[in-house]
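Fit the two chains together into the complex; they arrive one by one in their own frames, and the hints show the way.
Each chain, written out:
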Amino acid sequence: DAGVTQSPTHLIKTRGQQVTLRCSPKSGHDTVSWYQQALGQGPQFIFQYYEEEERQRGNFPDRFSGHQFPNYSSELNVNALLLGDSALYLCASSPLGVTGYTFGSGTRLTVV
Amino acid sequence: ILNVEQSPQSLHVQEGDSTNFTCSFPSSNFYALHWYRWETAKSPEALFVMTLNGDEKKKGRISATLNTKEGYSYLYIKGSQPEDSATYLCASTTSGTYKYIFGTGTRLKVLA
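Read top to bottom, the protein sequences are chains A and B. So in my numbering, the last one in the first sequence is 112, and the numbering has no gaps at all. So in my numbering, the last one in the second sequence is 112, and the numbering has no gaps at all.
Some hints could be false.
Claimed, not checked - Rough simulated footprint, nothing fancy, chain B against chain A, three-plus residues with beta-carbon under 8 Å:
{"#": "1", "region": "34-43"}
{"#": "2", "region": "46-56"}
{"#": "3", "region": "102-110"}
To be verified - A short list of chain A residues far from chain B (calculated; beta carbon distances all over 10 Å):
{"#": "4", "residue": "GLY3"}
{"#": "5", "residue": "LYS13"}
{"#": "6", "residue": "GLN17"}
{"#": "7", "residue": "GLN18"}
{"#": "8", "residue": "ASP62"}
{"#": "9", "residue": "ARG63"}
{"#": "10", "residue": "PHE64"}
{"#": "11", "residue": "HIS67"}
{"#": "12", "residue": "PRO70"}
{"#": "13", "residue": "SER73"}
{"#": "14", "residue": "ALA80"}
{"#": "15", "residue": "LEU81"}
What the hints assert, rightly or not - Among the chain A residues that face chain B by a calculated CB cut under 10 Å, a handful are:
{"#": "16", "residue": "VAL4"}
{"#": "17", "residue": "GLN6"}
{"#": "18", "residue": "SER7"}
{"#": "19", "residue": "HIS29"}
{"#": "20", "residue": "LEU90"}
{"#": "21", "residue": "ALA92"}
Since the hints were derived computationally from the structure, they do not count as laboratory data. Glycine residues also receive a C-beta, built at the ideal position from the N, C-alpha and C atoms.
The shape of chain B in the complex, shown without the other chains (with noise of 0.2 Å):
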């Protein structure tokens, strides 16, 4: 894999569903794994940065887990809200250079 990519690209889901993303990532030279949640006509808001394999992350009911050998990154979202409505873009970043080379997003709408 030479960039990031994500699925799936977009996907609505009923109020209280669970549901989880996929990023993947280039593996060689990994240095860190990001996650943002973008509302629209926002600020995307920084989730979750990892750098570890294995590392596991929690805010409130979102986790995130990172497999840097593999290349991929999962974003989890329990007991989904109409609030969790946005567009979730991964980034990552390798060792020596300092630019972001970011997803297309996933734009998750949930339902009342």
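With the rest of the complex left out, here is chain A (with noise of 0.2 Å):
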């Protein structure tokens, strides 16, 4: 049984253009969250989806928007990188009403 699948594993972008993470959920999740993971810091919620909605945001610019397909796969936009962008994406899947993730191995975005 394949757990949470991200993509790509590692990219690098120039400030100012846009990116696209993957993740697909472990099989029988609905909901998918996102973090980054900055150096030297913890994971930072950036939002989570169930039903295709965002049910609940972070504290991350409008700059960062997510989307959930209708088979629970998700993907992070992030448009105009800044340096500071760079950092460990995770990807993590849970059931519905049932604590606790279950992660991907994350996405490592550099933006030179």
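Here is the structure:
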């Protein structure tokens, strides 16, 4: 049974560009959350999607947006990239009403 | 306490030593406390989810306790092995919110 799958694993972008990160949740999970982990920090909550809607959002600017598809997979989009957006982006899935995430291994984004 | 704090930041122990880490979290509106084990280049792996004051959980040589009144949790590893080397993250959730608030982790290195 595949866990949470994220793609790509690494990518390098230039300041001002746009990026899309993808996540396939674990089978049976319908809720997807995204976290950003900058160097030396713990993961920071970006947002959570359920039933194709953003259910809660963390303290991130509107440049960060997302989407959830009918098959529960999700995308994280970041526009107008800044150097400070360089981080590991983690996707986590969970079944509705059950506390506890299953994490993917992350996408390492480097903005130059 | 407004954030989740973990100590120590890192530690090295000899194989066979027992060790413990601390996670401090906001006690108001507490809902759950999570411990994750994260090996380099892998996904964070869920260890424990605890919700009740006085909760104790055990998984092999690893155990955890929870004090929700004072807002702390301890993670214990008995007889550390090199394969225990990882970063141990804790995260708290509060009532009425879906986001997890993570600490910065404790990086453990077990020397053979």
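Status of the hints after comparison with the structure:
no.: 1; hint: 34-43; in the structure: holds (count 5)
no.: 2; hint: 46-56; in the structure: holds (count 3)
no.: 3; hint: 102-110; in the structure: holds (count 5)
no.: 4; hint: GLY3; in the structure: violated, 7 Å
no.: 5; hint: LYS13; in the structure: holds, 21 Å
no.: 6; hint: GLN17; in the structure: holds, 26 Å
no.: 7; hint: GLN18; in the structure: holds, 25 Å
no.: 8; hint: ASP62; in the structure: holds, 18 Å
no.: 9; hint: ARG63; in the structure: holds, 19 Å
no.: 10; hint: PHE64; in the structure: holds, 14 Å
no.: 11; hint: HIS67; in the structure: holds, 17 Å
no.: 12; hint: PRO70; in the structure: holds, 21 Å
no.: 13; hint: SER73; in the structure: holds, 17 Å
no.: 14; hint: ALA80; in the structure: holds, 24 Å
no.: 15; hint: LEU81; in the structure: holds, 23 Å
no.: 16; hint: VAL4; in the structure: holds, 7 Å
no.: 17; hint: GLN6; in the structure: holds, 9 Å
no.: 18; hint: SER7; in the structure: violated, 14 Å
no.: 19; hint: HIS29; in the structure: violated, 13 Å
no.: 20; hint: LEU90; in the structure: holds, 7 Å
no.: 21; hint: ALA92; in the structure: holds, 8 Å
Of the numbered hints stated above, those contradicted by the structure are hints 4, 18 and 19, listed in ascending order.
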